[in-house]
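Asks: Chains as they are written, first to last, in the numbering used here: chain V, 1 to 300; chain E, 301 to 644.
Bear in mind the hints are in silico, worked out from the structure with no lab data behind them.
Think of the CB as a built atom: it goes at the ideal place given N, C-alpha and C, for glycine as much as any other residue.
A couple of the hints might just be wrong.
As the list claims (entries may be wrong) - Using 20 Å as the maximum straight-line C-alpha spacing, the simulated EDC-like pairs for lysine to aspartate or glutamate come out as follows:
#1 E:K454 with E:E442
#2 E:K348 with E:E368
#3 E:K592 with E:D559
#4 E:K333 with V:E189
#5 E:K454 with E:D419
#6 E:K333 with V:D131
#7 E:K520 with E:E493
#8 E:K520 with E:D542
#9 E:K407 with V:E191
Said to hold, decoys possible - Some but not every residue of chain E turned toward chain V, in silico, with C-beta under 10 Å:
#10 Q414
#11 D419
#12 Y421
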Amino acid sequence: MTSAPGLPATSAESDRSILADNLREFRENSLAVAAAGVVAVFALLAAFAPWIAPHDPYETDLFRRLLPPAWEQGGDWAFLLGCDALGRDVLSRLIFGSRVSIAVGLAVILIATTIGTLAGLAAGYLRGIPDAIISRLCDILLGFPYLIFAIGLIAMTGPGFQNIILALAYKEWVLPCRVVRGETLAAREMEYIEAARALGASRLHVMLREILPNILSPVIVVATFRMAHIIIVEASLSFLGIGIQPPVASWGSMVSDGREFLLDAWWVSTFPGVAILLLVLAINVASQGLRDAFDPRLQR
Amino acid sequence: MHLRRGRAVNGYSASSEMLVEVRGLRKHFDLRKGLARLVSGQEGHVVKAVHDVDISVRRGETVGLIGESGCGKTTLGRTILRLQEPTAGSIFFDGQDITRLNDAALKPLRRRMQIIFQDPYASLNPRRTVEEIVGLPLRLHENRSSEATRERVKVLLERVGLRASHIGRYPHQFSGGQRQRIGIARALIVNPEFVVCDEPVSALDVSIQAQIIELLDNLKRELELTYLFISHDLSVIGYVADRIVVMYLGEIVETGTRDQVLDNPCHPYTQSLLSAVPQLDPQSRQARIQLKGDLPSPMRPPSGCKFHSRCPKAMKICSHVKPRIYSVSAGHQAACHLYEESTR
């Protein structure tokens, strides 16, 4: 609340939406802003990988096999982070690998959040039979062990970009669905919902135009912190060899590639591992900042 | 506050046209879930929020609906507008039976009957601007350009005492009284005939209450509105209402013109309500009738007359026979065994 209750809002006060207030709150949280900056850097690397990467990530050269990073003895400044067992530039593969992580994370979260939000709205607002079906489906899916089922699904459909997204999204929508359902149950009892109905608004209008804008902030928070989780799971699948298939560079498979030489050539596994850590940490910190900014209890 | 305003009762004559007519309306809430509905009995699990209520509102009059919180007056108002599904009974709006109409058939009627809510904080969507909130009915019911909608919203804002420049603001930038004005503008922008005012001032400061009541009263005369005015505050009802309906535990216990009910309350419940109003004149001060106990649970209402457990005039018959509605005088009725002989 920006104006004291009972006092008329002065005309000098600018017209601000709650969202604008939230964003201002977020900007004041310097740690979260720094984390968002790190995420933005990774996103830029992914978007402009072909222009940023110094070398072709697929070009092999056995003369450069396990070339150490530039600052180590025998390193070459042209290959800043060294080369892997096939002589491919680690830095270039790292930059291209960010595309896989971010693309899979974004795609899975977009699909899951859209499905989950619509299902949660329907369950929470319509109640009754739609709610019973959607909620039971959520319960059943939550009973599946995540990774094992994903592995089974990929074993059946074969690895590939779309199949990995499907294997990760098939139950990822449950979380946004449950959050949205709970928020909708609370929001549907508000008088402004009844007001919209009294004015003749359709169910669809009430769900999408009246309720949705009010429950968007928890949805955004859930989407961001689950994206960090999805990136880790994708890296795990790739590490196990059932994710993104070689020669496409992905951080998980890069860690796996370097595993055999860990003692002789630590850089092959370590840099992609650090990249995963950095991106996931940054997303989580930024997500926490969003949560704090959106949480009405923390607002002044 | 004064119990009544100076001007004479107008709009009340036996010949005026019924705008809203409700017969035997029931709204029960079944608290049993799923299979329990088949297994356990209704007793103790069904809240009879509104039970066999007859109420009619003539075009142009203000009917004041009064009762304690929890007596079902809000549920009655919302069921009449079909915001809640009636369990039984029938609702007529301007001669048309709207009891079982579906959403699509109700939509054209929605612009003719509107509601003003109690809580000015909960009744405005916090994520929408004033223009979107007040203009929503126009967007739902008319194919106007956004320019025309904005102009109409501005006119309405000025009419309810806000500034046209407030159009781009969000609800949290307004005070409670200002928010209630926004709610009034939203209800009136489609030119309704019938408006349910659901405790429109009880969430506001007393000084602001008077302004809002004045505004509602002026709007009623200018726009020829018909109000069902719900309140638990007798001084508010006494000021606005032409006729008064008193509810207790989901049932109507007394109806009459304002003067009949205020000057000559017949039902012991109404008498106790009136005796609770502070009197300025020591001469007219009556003994205060203090009711015993709390409002009984609507899940297990007392047998016979629902009021007998708290009634200072309870008789033997009251605990097992439910009183009919007896006519005390023309247009003045009470559901109490005390008036049995007057109809014979």
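Asks: Give a verdict on every hint.
Replies: Against the structure, the hints:
{"no.": "1", "hint": "E:K454 with E:E442", "verdict": "17 Å, holds"}
{"no.": "2", "hint": "E:K348 with E:E368", "verdict": "15 Å, holds"}
{"no.": "3", "hint": "E:K592 with E:D559", "verdict": "27 Å, violated"}
{"no.": "4", "hint": "E:K333 with V:E189", "verdict": "19 Å, holds"}
{"no.": "5", "hint": "E:K454 with E:D419", "verdict": "23 Å, violated"}
{"no.": "6", "hint": "E:K333 with V:D131", "verdict": "14 Å, holds"}
{"no.": "7", "hint": "E:K520 with E:E493", "verdict": "10 Å, holds"}
{"no.": "8", "hint": "E:K520 with E:D542", "verdict": "12 Å, holds"}
{"no.": "9", "hint": "E:K407 with V:E191", "verdict": "19 Å, holds"}
{"no.": "10", "hint": "Q414", "verdict": "7 Å, holds"}
{"no.": "11", "hint": "D419", "verdict": "6 Å, holds"}
{"no.": "12", "hint": "Y421", "verdict": "9 Å, holds"}
Taken one by one, the earlier hints fail for this structure at numbers 3 and 5, listed in ascending order.
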